[in-house]
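There are 2 protein chains.
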Amino acid sequence: MTKTPIESAILTIFGITGDLAARKLLPSLYYLFQAELLPKNFAIVGVTRSGTTVDKLIEKIRTSVESDGVSADQAILDHMAKVIRIVEMDLTNAEDYTRLKKELDAVEDSHGVCMNRLFYLAIPAQTFAHIVGLLAHAELNSGCQHGKAESRLLIEKPFGYDLASAQELIEQLNTAFSEEQIYRIDHYLAKETTQNILTFRFANPLFKAAWDNSLVSHIMITAAEKIGIEGRVAFYEQTGALRDLIQSHLFQLMALVTMEEPKELGSDAIHREKLRLLEAVEPIHADKVANIAVRGQYEGYREEVADPHSMTETYAAVRLAIDNDRWRGVPVLLRTGKGLAEKATEITLVFCEKPGAETNSLTFRIQPNEGIVVSLQAKKPGFTDEMQEVQMDFLYRNSFVGIQPDAYQRVLVDALKGDKTLFATSEEVLASWRIVEPILHAWSISKELPTYEIGSWGPSEATNLAHNAHIQWPMDKITKNFMRSM
Amino acid sequence: MTKTPIESAILTIFGITGDLAARKLLPSLYYLFQAELLPKNFAIVGVTRSGTTVDKLIEKIRTSVESDGVSADQAILDHMAKVIRIVEMDLTNAEDYTRLKKELDAVEDSHGVCMNRLFYLAIPAQTFAHIVGLLAHAELNSGCQHGKAESRLLIEKPFGYDLASAQELIEQLNTAFSEEQIYRIDHYLAKETTQNILTFRFANPLFKAAWDNSLVSHIMITAAEKIGIEGRVAFYEQTGALRDLIQSHLFQLMALVTMEEPKELGSDAIHREKLRLLEAVEPIHADKVANIAVRGQYEGYREEVADPHSMTETYAAVRLAIDNDRWRGVPVLLRTGKGLAEKATEITLVFCEKPGAETNSLTFRIQPNEGIVVSLQAKKPGFTDEMQEVQMDFLYRNSFVGIQPDAYQRVLVDALKGDKTLFATSEEVLASWRIVEPILHAWSISKELPTYEIGSWGPSEATNLAHNAHIQWPMDKITKNFMRSM
Chain A
0 MTKTPIESAI
10 LTIFGITGDL
20 AARKLLPSLY
30 YLFQAELLPK
40 NFAIVGVTRS
50 GTTVDKLIEK
60 IRTSVESDGV
70 SADQAILDHM
80 AKVIRIVEMD
90 LTNAEDYTRL
100 KKELDAVEDS
110 HGVCMNRLFY
120 LAIPAQTFAH
130 IVGLLAHAEL
140 NSGCQHGKAE
150 SRLLIEKPFG
160 YDLASAQELI
170 EQLNTAFSEE
180 QIYRIDHYLA
190 KETTQNILTF
200 RFANPLFKAA
210 WDNSLVSHIM
220 ITAAEKIGIE
230 GRVAFYEQTG
240 ALRDLIQSHL
250 FQLMALVTME
260 EPKELGSDAI
270 HREKLRLLEA
280 VEPIHADKVA
290 NIAVRGQYEG
300 YREEVADPHS
310 MTETYAAVRL
320 AIDNDRWRGV
330 PVLLRTGKGL
340 AEKATEITLV
350 FCEKPGAETN
360 SLTFRIQPNE
370 GIVVSLQAKK
380 PGFTDEMQEV
390 QMDFLYRNSF
400 VGIQPDAYQR
410 VLVDALKGDK
420 TLFATSEEVL
430 ASWRIVEPIL
440 HAWSISKELP
450 TYEIGSWGPS
460 EATNLAHNAH
470 IQWPMDKITK
480 NFMRSM
Chain Y
0 MTKTPIESAI
10 LTIFGITGDL
20 AARKLLPSLY
30 YLFQAELLPK
40 NFAIVGVTRS
50 GTTVDKLIEK
60 IRTSVESDGV
70 SADQAILDHM
80 AKVIRIVEMD
90 LTNAEDYTRL
100 KKELDAVEDS
110 HGVCMNRLFY
120 LAIPAQTFAH
130 IVGLLAHAEL
140 NSGCQHGKAE
150 SRLLIEKPFG
160 YDLASAQELI
170 EQLNTAFSEE
180 QIYRIDHYLA
190 KETTQNILTF
200 RFANPLFKAA
210 WDNSLVSHIM
220 ITAAEKIGIE
230 GRVAFYEQTG
240 ALRDLIQSHL
250 FQLMALVTME
260 EPKELGSDAI
270 HREKLRLLEA
280 VEPIHADKVA
290 NIAVRGQYEG
300 YREEVADPHS
310 MTETYAAVRL
320 AIDNDRWRGV
330 PVLLRTGKGL
340 AEKATEITLV
350 FCEKPGAETN
360 SLTFRIQPNE
370 GIVVSLQAKK
380 PGFTDEMQEV
390 QMDFLYRNSF
400 VGIQPDAYQR
410 VLVDALKGDK
420 TLFATSEEVL
430 ASWRIVEPIL
440 HAWSISKELP
450 TYEIGSWGPS
460 EATNLAHNAH
470 IQWPMDKITK
480 NFMRSM
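Heads up: the protein sequence lines correspond to chains A and Y, in order.
Going by numbering that gives the first Met the number 0, the residue at position 345 of the first sequence is 344; the numbering climbs one at a time, nothing skipped.
Going by numbering that gives the first Met the number 0, the residue at position 446 of the second sequence is 445; the numbering climbs one at a time, nothing skipped.
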């Protein structure tokens with residue numbers, strides 16, 4: 000991972016009045032200013048269709064920071080008010096992009112230097128292709144001096160809707176920006192525990208020796224939410240659980256936890272190994288989808304989205320196999336759902352010497368209570384030789400005192416630095432779509448969609464999916480034990 | 000480990016007025032009565048030279064129990080007063096043993112059953128040979144019916160003074176009691192964490208894979224005490240640190256942590272593997288002792304024992320090698336000392352992939368704060384790729400609520416049951432003496448004896464012993480981290 004100093008930059012945020020900017024980007028910038036992690040020459044340009052003022056943005060920042068339980072530092076807010084400028088644009092109008100370019104040129108003139116230009120598209124993905132075309136048309140796809148200052152595009156998922164649309168989007172973006180210039184944000188990858196997966200795996204020989212099919216019996220990755228879709232009807236109705244979490248975040252987590260050791264810990268080498276892993280996932284045969292994938296919809300969802308025929312899944316579970324020497328024979332179960340019993344994202348490896356004797360597990364807890372838990376067998380004290388499962392754990396909170404940077408702070412700093420380690424490549428995106436394509440197709444024509452109670456662990460079909468591979472979802476147990484550490 | 004029910008028994012304690020009986024044996028019996036772990040037909044016979052009364056013993060028990068912070072249960076004390084009887088004896092007089100036999104016969108008559116007869120020699124080892132001869136002469140080396148009730152001999156270390164004297168003692172005892180009848184008590188082996196070593200090693204595949212010279216860089220076993228010899232001048236002057244702890248307890252710990260997996264977890268199979276391990280320790284060449292063994296004496300020791308020429312070591316450290324496929328090339332460092340900086344007994348395995356990259360360790364903490372700690376590398380939070388050592392731990396106290404049985408309770412129950420798993424065999428004792436014999440010889444003729452400050456970590460020569468194998472004693476670090484968990 001590179002350690003380049005952060006160069007002068009202008010961060011242009013499309014959608015400055017939107018939810019993401021208010022909840023994540025602007026507060027993250029506040030904290031980065033506070034930590035003095037931003038370059039000396041730095042400016043923020045907020046693009047808005049509906050109009051806003053710098054003062055309004057500053058008040059949003061103040062509110063957000065104070066909701067973290069911190070009193071906002073007026074000096075930082077004053078400084079931010081000076082470096083933010085608002086540009087009102089009709090995003091479909093090419094002339095407005097020329098005007099945007101003039102604004103950026105003017106900022107650079109005032110600083111007296113060429114600055115990297117970052118365009119953060121915090122707006123719906125449908126608009127991406129059009130906007131990047133117009134950015135390129137206005138020559139905003141390169142910095143003010145070729146080869147010195149760079150232009151970078153930051154985009155949020157979804158990166159397509161299926162394999163074909165992802166391919167199309169990638170091609171469209173590539174007519175304007177090269178792959179090197181595109182930063183696909185996966186904030187899961189920027190979480191501390193996620194970043195720690197590679198460190199843990201490759202810097203700790205004690206655990207490395209057990210990391211293959213000789214000892215790992217199965218791998219389970221869970222992203223469970225208690226909340227429902229929270230009013231995001233339009234987005235969710237065209238996405239669903241499989242696309243929203245499994246195809247994107249959970250495949251990335253799977254790749255980190257199962258990929259081979261890269262030759263060095265640089266961005267390119269890591270992406271190469273992640274891609275190799277994703278490409279090693281055994282293709283799913285069309286007529287086997289029902290055996291390895293389960294979907295579900297929580298009760299009341301159709302009323303919530305006001306569509307009595309909605310076939311959108313709020314729960315999805317899949318069982319994959321990895322066809323390489325390390326993992327052949329080790330089922331990988333992934334599941335996600337809304338309206339479940341707990342909020343928890345975690346990766347669990349279960350170890351055993353002989354089938355049926357699963358006595359150890361290792362869990363990376365991504366959220367909440369970030370940390371690592373190993374369950375092991377210990378002799379019960381006293382006049383007995385019985386064993387009992389006990390836990391060893393390492394919690395970030397206990398070992399590292401102080402406020403930990405939010406994932407979006409890390410995303411912004413890495414994009415400013417030009418470090419692409421924590422961003423998904425187009426090849427990874429395509430490989431991920433390729434894996435789920437047969438499931439998407441089967442579900443698009445099937446009429447089967449089990450429902451489940453809100454507050455449960457999803458449809459009983461998911462339990463069977465695990466049972467058929469002689470596996471039990473671990474959540475009840477894991478959750479209880481994490482509670483102990485709280 | 001067998002689960003035989005405890006049969007009727009008479010426990011005869013030689014040295015009932017001694018320190019061990021007052022501090023350990025009688026209080027342990029109190030707690031075993033309380034826990035209803037003793038057989039219905041059970042009697043205690045206290046042998047004394049100097050005379051005492053049952054009432055005096057009961058008061059000692061009450062005092063000891065109350066010093067544990069528990070109020071003594073009068074009903075249990077009353078019951079104990081009924082089952083204890085005192086026999087005054089001249090231990091050199093054969094007739095007194097006949098009188099003892101009559102007492103035991105009388106107890107059995109009153110219970111109307113044959114009872115196993117256990118003889119616990121809680122007296123100095125020099126007297127053992129003589130006493131067992133007289134026990135045998137009085138036919139106390141067998142139960143009242145051959146093959147049904149058994150006679151067992153329980154002895155405390157030291158089991159000899161060197162190889163020759165140990166051999167002699169074993170032969171002397173064997174003229175009166177067979178090997179099967181002799182229970183050599185090592186209370187270290189009866190501690191929960193020690194008992195857990197085999198469970199941990201063989202029931203947890205996650206760690207099993209790393210348990211050999213491909214990943215273990217070295218093994219360190221420490222038994223450190225803050226206290227000095229506490230007035231036990233005569234005992235210590237003829238023992239010293241090497242005999243007192245390394246040759247006995249620490250070699251047993253080494254065997255448990257490095258032995259091959261026994262075919263089953265029964266006493267015989269475990270002892271077979273322990274012996275094989277002890278016999279695989281590379282013999283120490285006479286002219287290499289200075290390279291692999293260090294002794295020391297704390298400052299002020301000679302004044303304490305009133306001998307300005309005392310050559311008794313209060314600190315000893317040795318570096319051994321195990322010549323088998325699993326451990327070839329892995330140094331095993333053992334050290335013990337009195338008057339050191341901390342009280343701690345622990346076993347640490349250090350893991351590394353490449354020499355110089357020791358990034359993991361696993362520590363069995365025998366006392367205090369019994370538990371297991373794994374140190375590992377985690378990514379520091381924030382905008383860095385730096386790593387930091389963090390710890391995962393499992394503490395008995397946190398995972399198992401309630402008072403845990405003292406090691407002597409376990410010793411007594413196992414001896415009553417006839418389970419020899421936690422007792423040292425004569426072959427193990429001889430193999431242990433064989434290892435240290437060249438060191439004992441070299442030290443008996445050398446005039447070199449470094450001193451060290453009380454409250455330090457021993458003589459600097461011990462640091463060099465580790466350094467020469469590119470090892471650093473871990474104590475400072477480990478102790479600090481255990482403190483965190485307290």
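Errors might be hidden in some of the hints.
Which copy is meant is left open, so a pair is good if it fits within one copy or across any two.
Distance condition first, Cα-Cα at most 20 Å in a straight line; then the derived DMTMM-like pairs of lysine to aspartate or glutamate [unchecked claim]: (1) LYS55 - ASP72; (2) LYS353 - GLU260; (3) LYS287 - GLU452; (4) LYS416 - GLU385; (5) LYS55 - ASP108; (6) LYS353 - GLU259; (7) LYS342 - ASP54; (8) LYS379 - ASP405; (9) LYS207 - GLU352; (10) LYS342 - ASP384; (11) LYS353 - GLU460; (12) LYS379 - GLU35; (13) LYS262 - GLU352; (14) LYS156 - GLU298; (15) LYS416 - GLU179; (16) LYS100 - GLU341; (17) LYS416 - GLU426; (18) LYS156 - ASP89; (19) LYS39 - GLU178.
Everything labelled a hint here was simulated from the structure, so no lab data went into it.
How the hints compare with the structure:
In the homo-oligomer, the alpha carbons of LYS55 and ASP72 lie at most 20 Å apart inside one protomer (17 Å), although the nearest pairing across protomers, at 74 Å, exceeds that limit. Taking the shortest alpha-carbon separations for LYS353 and GLU260, only the inter-copy value of 15 Å comes in at or below 20 Å, while the best intra-copy value is 26 Å. Taking the shortest alpha-carbon separations for LYS287 and GLU452, neither the intra-copy value of 27 Å nor the inter-copy value of 73 Å comes in at or below 20 Å. Taking CA atoms no more than 20 Å apart as the test, LYS416 paired with GLU385 passes between copies only; the shortest distance there is 17 Å, against 55 Å inside one copy.
Within a single copy, LYS55 and ASP108 get their C-alpha atoms no closer than 26 Å, and across copies no closer than 98 Å, so neither meets the 20 Å cut-off. For the identical chains of this complex, LYS353 and GLU259 are inter-copy neighbours only, at 18 Å across copies versus 24 Å inside a copy, given an alpha-carbon limit of 20 Å. When the C-alpha separation of LYS342 and ASP54 is checked against a cutoff of 20 Å, the pair qualifies neither within a copy, at 36 Å, nor between copies, at 63 Å. Taking identical chains as interchangeable, the C-alpha atoms of LYS379 and ASP405 lie at most 20 Å apart only when they sit on different chains, with a minimum of 14 Å there against 41 Å within one chain.
Proximity of LYS207 to GLU352 under the C-alpha cut-off of 20 Å is found in both arrangements, the shortest distances being 16 Å within a copy and 9 Å between copies. Neither within a single protomer nor between protomers do LYS342 and ASP384 lie at most 20 Å apart by alpha-carbon distance, with minima of 37 Å and 28 Å respectively. Proximity of LYS353 and GLU460 under a CA criterion of 20 Å is satisfied in neither setting, with 27 Å inside one chain copy and 47 Å between copies. With identical chains, the CA atoms of LYS379 and GLU35 are at most 20 Å apart between copies only, with a shortest distance of 19 Å across copies and 52 Å within one.
Only between protomers do LYS262 and GLU352 lie at most 20 Å apart by alpha-carbon distance; the minimum there is 15 Å, versus 29 Å within a single protomer. Proximity of LYS156 to GLU298 under the C-alpha cut-off of 20 Å is found in neither arrangement, the shortest distances being 27 Å within a copy and 70 Å between copies. For the homomeric pair LYS416 and GLU179, the shortest alpha-carbon distance inside one copy (13 Å) is at most 20 Å, but the shortest distance between copies (73 Å) is not. In this assembly of identical chains, the alpha carbons of LYS100 and GLU341 never lie at most 20 Å apart, being 47 Å within a copy and 69 Å across copies at closest.
Taking the shortest alpha-carbon separations for LYS416 and GLU426, neither the intra-copy value of 22 Å nor the inter-copy value of 67 Å comes in at or below 20 Å. In the homo-oligomer, the alpha carbons of LYS156 and ASP89 never lie at most 20 Å apart, since the shortest distance is 23 Å inside one protomer and 91 Å across protomers. Taking the shortest Cα distances, LYS39 and GLU178 never come within 20 Å of each other, neither inside one copy (28 Å) nor across copies (82 Å).
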